[in-house]
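S.K.: Based on these hints, arrange chain B with the ligand on the given structure of chain A.
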Amino acid sequence: MAKEYEVVIGLEVHVELATKTKIFCGCSTAFGGAPNTHTCPVCTGMPGSLPVLNKQVVEYAMAVGVATNCEITRHGKFDRKNYFYPDNPQNYQISQLYLPICRNGYVEIETENGTKKIGIHEIHMEEDAGKLIHDEWDDVSLVDYNRSGVPLIEIVSEPDMRSAEEVIAYLEKLRMLIQYLGASDCKLQEGSMRADVNLSLREKGTTEFGTRTEMKNLNSFTAITHAIKGEIERQSDLLEAGEKVVQETRRWDDTKGESYAMRSKEDAQDYRYFPDPDLIPIDISEEWLEKVKASQPEFRDAKKKRYAEEFGLPEYDIDQITSEKALADIFEATTAICNQPKKVSNWLMVETMRLLNAHEMDASDIKFSAKHLADLIGLVDQKIINQPVAKEIFEHMFTDDVDPVAYVEEHGLKQESDEGALKAVVEKVMADNPKSVADYRGGKEKAIGALVGQTMKAMGGKADPAVVTKLLKELL
Amino acid sequence: MDNASCRVLWEAICDNRKEPTMANVISDETIEYVGILAKLELDDAQKEQAKKDLAEMLDYIDELSELDTSAVEPMSHVHPTCNFFREDVVTNGDDRENILKNAPEEKEGAFVVPKTFD
Ligand SMILES: [Zn+2]
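Heads up: the sequence lines are chains A and B, in that order.
Taking the numbering used here, the leading residue of the first sequence gets 1, the next gets one more, and so forth.
Taking the numbering used here, the leading residue of the second sequence gets 1001, the next gets one more, and so forth.
Derived from the structure by calculation, the hints contain no laboratory data.
All clues stand as given, with none of them false.
Straight line, CA to CA, 30 Å or less: simulated DSS-like cross-link-like pairs of lysine-lysine: (1) K20/A x K1101/B; (2) K1052/B x K81/A; (3) K1115/B x K81/A; (4) K81/A x K1107/B; (5) K81/A x K1047/B; (6) K1101/B x K81/A; (7) K291/A x K304/A; (8) K187/A x K391/A; (9) K470/A x K391/A; (10) K462/A x K391/A; (11) K1115/B x K256/A; (12) K1107/B x K20/A; (13) K187/A x K256/A; (14) K1101/B x K131/A; (15) K470/A x K343/A; (16) K304/A x K173/A; (17) K343/A x K187/A.
For reference, chain A alone in the conformation it holds in the complex (with noise of 0.2 Å):
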């Protein structure tokens, strides 16, 4: 008889800072530059070069700590992890083992069956490896050390979640308080947040935890939850055949929907952990403390609570402009000029989300300006501009950040309310599409769709909607 199951999940998440310069010594984090070009001696592991710690890496670990409930360490400092492998030039990657800057924190997650607080462990600071590029035509490998020395934090989970549900819920939450700390975008697909999945099984009932695997390369969502789901599969077969699973790391390879276990990067896992001499300790003082406190923004769950209180908005609409800080920014900015609340939510939830989509880029590059989203909600309101011409216009905003009100200006885009002028179209109109007309009178009142759509064409689209339903009501 099958036995049932209960699965034990923990995370290692790793969350790239958005600090301007590496860890330990001035060279750029930009994306993007070619093999190289932002390194030195210290992040490529020359003999007597000297790592200083990058104050804001303190202060960002520090921040997501306080958000996340979790104890500063008062006193820390960093470790030496030694190992061998050609992306860490050093031989060893500097880390936190003894003294995390943050400890025994946790986040709160809702589940269908109501709240559920999931523990961190830890959060620790360390410096991030540099790129191996596999070289096509000679047998070697290639070294960019341009991501050396990028501020990382580790956020290790205590073993507290049971489902893929669960997991995502708090990786959503994770990567909303840390986005809105701005301490990072959170992308998981660019890298800037890693998640590693350890998971073990046990029969439902028992306390003791099952031996567990390491799941490593989900760079999405999906990818976690296919992972968690092909891993649950893997282990109850093993365990229903009576056979052990083993500990493990594995990789997941999202296309072919398995895992499969990865040549380790070491013969042994025996970092040799020592506190590092060339780093000098660090002191968090009750001022220090207490000013990253008062600084913490106003977070995703106080926003909603805000927008729905202050701006009377529909919960779906909360949720969508509060999904991304860059969102729910560009709405406070946009109805703070325009007091529109709504309007701004249509645009932000309907037309900005379907370009981002067919742009494939994150709210983050967002280009128009709140004033300029604010002008062309003012076009429309003064029924200057008719709402398919505003988003004609929108989309040219949103590639380029044009200016609405030059922009109809220039291309001659105002449209015409005025009854004496629309009039004699309206009449050619309907002279020229007797049969609506005869429809209309008839009893079928959808005719006059058919002829308000004609009134428009003939307008070049230019025409006031309204005002053209209210002439040919009259006239008909």
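M.R.: The following block gives chain B with the ligand in isolation, referenced to the frame of chain A:
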């Protein structure tokens, strides 16, 4: 730990130094394992020498345990200072040409290393 207590501890160590007792024995498995970790291939003679050297080092360190350190606070760092930071400002430009002079071999702006798999 401040300088004064450092001194006390050091004097205590000096006073207590004795001839090595060779209490530690490094096994063949241990020297094999340490060799793997250090990525060193040692021949038999080198292994025997390394076993002897490591045992002596451990004996020397063991002398510390003869001291009463119950009143000494654990030391996390040798420097009697803290909070030495950099501001988050880019100070390094593109120095690739010089950096790559440290590479055993260079190709397309990158360090060339033996073929390595993830
Ligand atoms: Zn550097």
